[in-house]
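The chain contents come next:
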Amino acid sequence: MRLKNVVTLVALGILTIACESDDVKDFEPLVVGDYQSGILVSNEGPFSNGTGTVSFISDDFETVESAIYNQVNNEDLGNIVQSIGFTEDKAYVVANNSNTIAVVDRFTFEKEATITTGLINPRYFISVNGKGYVTNWGDTGDDTDDFIAIINLTTNTVEGTIPVDFGPEEIIANANTIYVAHQGAFGQNNTISVIDAALDQVATTITVGDVPKALQLDAANNLWVLSSGKPSFSGEETAGSLAKINTSTNAVASSLDFTTTEHPNHLGYDGTNLYYTLDGAVYSISTSATSLPMEKTFDGIAAYAMTVKDGKLYTTDAKDFASNGSLSIYDLNTKEELMTFELGIIPGGIYFN
Amino acid sequence: MVVNSIFGQGDTIIVLQEVVLSDSKLQNFAGGIKVRQLSDSVLQRNTGMLTDNLQYNTPIYFKQNGYGMVSSASFRGTSAQQTAVVWNGVNINSQLTGQTDFNTVMAQNLSEIAVRSGGGSTQYGTGAIGGSVHLNQDLSFDSPFQNTLGVGYGSFDTRSIGYTSEWGTKKTAYTIGVSHFSSTNDFKYLGTDRRNENGAFTNQNFDIAVGQLLSGSNLLKAYHNTFFGNRDFSASLTAPSDDNYRDLSTRSLLEWTNFKTNYIQRVKAAYLSERYRYYPNKERDDFSFGKSGSFLLNYDYLYRYNKWKLNAILEANTVNAEGSSIRKENRNRLAGILLISHKPSEKFGYGIDVRKDWVSDFESPFVFSVDLKYQPTESYALSLNASKNFRIPTFNDLYWEGAGAVGNLELLPETSLQAEIGQTLKTKNYSLSLNGFYIATNDLIQWRPDISGTWSPINVKAATQYGLELESEIRMKSGEHQWQWKNGYGYTKAIANESKNQLVYVPLHRFTSNLVYTYKRWGSFMQGLHNGEVFTTTDNNQDLDNYLVLNAGLNYSFPKKIGIETEVQVVLNNLLNENYQNVAFRPMPNRNIHLNLNFKF
Chain A
474 MRLKNVVTLV
484 ALGILTIACE
494 SDDVKDFEPL
504 VVGDYQSGIL
514 VSNEGPFSNG
524 TGTVSFISDD
534 FETVESAIYN
544 QVNNEDLGNI
554 VQSIGFTEDK
564 AYVVANNSNT
574 IAVVDRFTFE
584 KEATITTGLI
594 NPRYFISVNG
604 KGYVTNWGDT
614 GDDTDDFIAI
624 INLTTNTVEG
634 TIPVDFGPEE
644 IIANANTIYV
654 AHQGAFGQNN
664 TISVIDAALD
674 QVATTITVGD
684 VPKALQLDAA
694 NNLWVLSSGK
704 PSFSGEETAG
714 SLAKINTSTN
724 AVASSLDFTT
734 TEHPNHLGYD
744 GTNLYYTLDG
754 AVYSISTSAT
764 SLPMEKTFDG
774 IAAYAMTVKD
784 GKLYTTDAKD
794 FASNGSLSIY
804 DLNTKEELMT
814 FELGIIPGGI
824 YFN
Chain B
-13 MVVNSIFGQG
-3 DTIIVLQEVV
7 LSDSKLQNFA
17 GGIKVRQLSD
27 SVLQRNTGML
37 TDNLQYNTPI
47 YFKQNGYGMV
57 SSASFRGTSA
67 QQTAVVWNGV
77 NINSQLTGQT
87 DFNTVMAQNL
97 SEIAVRSGGG
107 STQYGTGAIG
117 GSVHLNQDLS
127 FDSPFQNTLG
137 VGYGSFDTRS
147 IGYTSEWGTK
157 KTAYTIGVSH
167 FSSTNDFKYL
177 GTDRRNENGA
187 FTNQNFDIAV
197 GQLLSGSNLL
207 KAYHNTFFGN
217 RDFSASLTAP
227 SDDNYRDLST
237 RSLLEWTNFK
247 TNYIQRVKAA
257 YLSERYRYYP
267 NKERDDFSFG
277 KSGSFLLNYD
287 YLYRYNKWKL
297 NAILEANTVN
307 AEGSSIRKEN
317 RNRLAGILLI
327 SHKPSEKFGY
337 GIDVRKDWVS
347 DFESPFVFSV
357 DLKYQPTESY
367 ALSLNASKNF
377 RIPTFNDLYW
387 EGAGAVGNLE
397 LLPETSLQAE
407 IGQTLKTKNY
417 SLSLNGFYIA
427 TNDLIQWRPD
437 ISGTWSPINV
447 KAATQYGLEL
457 ESEIRMKSGE
467 HQWQWKNGYG
477 YTKAIANESK
487 NQLVYVPLHR
497 FTSNLVYTYK
507 RWGSFMQGLH
517 NGEVFTTTDN
527 NQDLDNYLVL
537 NAGLNYSFPK
547 KIGIETEVQV
557 VLNNLLNENY
567 QNVAFRPMPN
577 RNIHLNLNFK
587 F
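Line by line, the protein sequences give chains A and B.
Position in the first sequence (from 1) plus 473 gives the number in my numbering.
So that you can map any letter, position 561 of the second sequence is 547 in my numbering, and since no number is skipped, the others follow by simple counting.
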C-alpha cells in the first residue's frame, strides 16, 4: 500500500484509526534465538511513530514468538519494515522509512550489521551471485532518482548503484538475470527492468500492465507478472493483468486481462498453479490456462499479504492497521482453515526458514 | 474589563459588559455548565503555544507529534475533532481537518481563555462534544494607554518577542498584539546520543481588536487575528524526517451591537481562512496544499424579560475549500438556534437550548441541551446538564482524492448524547469541585482501508466515555505572603464499544498541580503534570509509560523607573529531566531553562 501517503495523512491529523476485536489462540513462546525451521513474518509496524517487527511461527505450529529481532538484540528494527530478503544463512530486514537494512543470522536472528548509508526508501532485497540487490525509490518527490543499491555482502555496505526506471518494487532473479517490477512508488508505472548481474547494468526493459505488483518464476522458467492496474483514485482507472514473460527472449509471451475495475494483488506459485487475490477472494490459475478463472478458490479472505507453499495458503490480515494483525493458514486441497496466529502490526511479508 | 462611569449605573453597566464581550453566551447561557477561566498570570507561566498553557492548567489531554508539532486535544476522552475552538464567539476549527492544532494558536495577546467542559453544540456548533476552548479578546473603554514588551530567550535557541498595546477613550478602545516564537527545538533524546532532528519551528501571530461606541446604544467592533507557522516536522526514534509544514490562518470579525437594558441585538460578519503547504522534502520545491475560506453571517437577538432570557440566533455560512488532494468544493450551512434561560430564584436557574443546522451534502441532526444549577447556600452549588451534540464530516472526510485514499460522500455526522453532574463548594479561601460525565457517541468517522487497501472514512461503531474531574483550589494570605494551590485530577474511561478496549491515547489518570507563592515583588510557581499510561494500539497491546513533568519559575518586578515597570522571570521546565514520550517514539524535551523580560509602560 501507499504507506507514506497514509503517513502524511496521519501527520496532518487527518486520519484516525478505528479498532476491531479478534479471537486468536494464545501460544507459548519458544526459546529465544531458535528460528531454524518455521515461518517468518515481517510486520510493518505503526505508520508514523514506531518500529516494525518480525514474528516467528514454528513449523509444527506449536510455538509463536513476536518481535524476535528486538528480543534477541534488544533494539528496534526501524520504521515500516517493508520486507525480508535472504541468503543461505542470513536475513536482510529492510526498514523502508528508516532507510536501513538489519543484517541478521537467519536462524538465530542475531544482528551482524546494520546498513545505514546509501539507501533511500529501500523496498526489497535479493541476493544474486554473492551480491545483494535492493530496490530503492529514492526521494518520493523525484521520479528520476530511483535505483538499485548493490550490497557487498562481506562488508555489508552499499558498493554501487544501478539507476532504474521510476518506482522499483519487487525483485526476483533467474540465474544471473534480475527482474525488477516497477510498480511506481506513490504513482503508477508499467515496466519490468531486466538487469544483468554480471555487468550490473539494465539490459532491457519490458512493458507490462499498469502497476506490476508481484513476480513469480514457474518451473519452466517463465516469469509471471501480476499487475494491479491503475486504481480509481488515479483518475484513469485501468485493468489488472497477468502476463507471462519468456525469460530467454525477455518478451511478453501472453497476457490475461481483468476487467477495468478489477485490481488483483499478490502472486503465489505452488509448482503447478498460480494464486492471486482479488476483492477478498483467492483465485488459482494453471500456468497453461488461456483465460482467467471464474471460480474463487477461497472467499472472504482478508489478504494484506498472501503466498502458497507445500499445499498451504498463507494470508495475513492487517485488521485496522493500528493493532496486531494475524496470519491464517489454509489447506489448499480441503480449503480448511488450519491455524490463525496473532502477529505484529500490519503483517506484510511471509517467508519460510 | 474597565467600564466607564458615564454609562450610568446598574443595568446599563451589565449590558455594556455583555456587549463588549463577543462570546457572552459563556456568561448568559452556561448556568449548569462547568466553565473555567485562565487568567493572565496563569498564561504567563507557559510562554509557548496554547498547548503549553492548557496542558498544565486544564483537564484536557494533548497529544503532540513531538514538541511544537501537530498538537491535538482529547477532551474527556473524545477525539481531536470533538473539541471546538471558539474565537470571540466564532468556531474556528479547520474546515479541512475538523480540528485545531493547538500549537498554531498563541495566547499571548488574548485577554481571556475559557475552557467550557462538556457538550456545547447548540451554542458553538460542530465539534463541541468533549468541550470547547474559548479565545476572547477584551476591549477596555476609558482606560490608560498601556504597552507591554516581552522578550525571552532559552534552551534550544528558543526566542520569543511580544508586544501588546491597549488604550481606551470613552468612545473608542483598541488592543493590538504582535508575537513571535521560534526554536531550533534540537533537544537531546535522553538516554541516547541523539538529538531531536528537523524539529525547528517559527510562529508569528498578530491580533487587533477595535471598538467604537456609535451612540449610547450602538457599538461597532472589529477583530482580526493572523497566524503564520513554519515548522519542520521532527524525526522520531526510528524514522528520519525532512518534512516541512507551513500554515497561514486569518480570522476577521465585524460586529455591530444595538442594545438597551432589556435587549441586545448583534449582527456579525466573519471571514476565516486557512491554508497550508506540506513539503515532504524541504530541500525540494514540491509540496501539497490545502486551503479553505469560510464566510459567516450571524444575527443574534437576546431579550430579557423578568427572570427570563431568550436568545434567538440565525447563522448562515458558506465555505470553499480546495487542495492538492481535495477537489474544489463549496458547502453552505444555515443554522437556527434558540436559547432560553430562566432563573426563578436566586438559588435556582435552568436553561434549555435547541439548534438545527441545514447543511448542503448531508442531514445534520437536531440538537438540544438542558442545564440546571441549584445553589442552596452561598458556598455550595449543584449543577446538571444533558445534551445532544454533533460533529459534521470535514472537507477531507468528504472530498479527499489522493493516492491511496478517497473521501466518502455517504458519511453521516457524528452524534453524541451526554450527561453531567457537578458539585462545587466554594468559600473565600478554597474551592472544591467534582464533576462526573457520561458521553455516548455514535457514527464515529474513522478512516479505514477497504478491501483493495484504499483508505476511506466510514461511520463506525460507537464509543463511550465516562469519568470524573476533581478540582481544588486553596488560597492563603499572611501579611505579604500569598499562596495559591490548584490541583486537578481527571479519570477518563474511553471505550470502543465493540472491542471494549480503551481508545488509543486517552490516559485513564491525569493529574495537574500548580502552586504559586508571592511575596512583595517576588513571585514563584511550581507546576506539575502527571500523565497516566496510554495505549498506542487499538488492541491495547502496546502502551506508553506514565510520566511526571515538573516546571518551576521565579519572577521579580522592579519598582517603576522612568515610567517603565520591569519584570524578570526565569522558568525551568522539566525540572526532573524526565525522559518521556507523549506520542510513541517521539521523546519530549529534557530539562530546559528560559529567561523572560517584560517591560510595561
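FYI, nobody ran anything at the bench for these hints, they're computed from the structure.
It is possible that some hints are incorrect.
[Claimed, not checked] Each pair of labels, with its calculated beta carbon distance range:
#, chain 1, residue 1, chain 2, residue 2, range
1, B, Leu176, A, Asp507, 53 to 63 Å
2, A, Ala724, B, Lys447, 48 to 58 Å
3, B, Lys447, A, Glu632, 47 to 57 Å
Glycine included, each C-beta is placed from N, C-alpha and C at the ideal position.
Tested hints:
1. For the pair Leu176 (chain B) and Asp507 (chain A), the supplied restraint of 53 to 63 Å is violated, since their beta-carbon distance comes to about 35 Å.
2. Restraint check, Ala724 (chain A) to Lys447 (chain B): a C-beta distance of roughly 52 Å satisfies the suggested window 48 to 58 Å.
3. Distance hint check for Lys447 (chain B) and Glu632 (chain A): the Cβ-Cβ separation is about 52 Å, which falls inside the suggested range of 47 to 57 Å.
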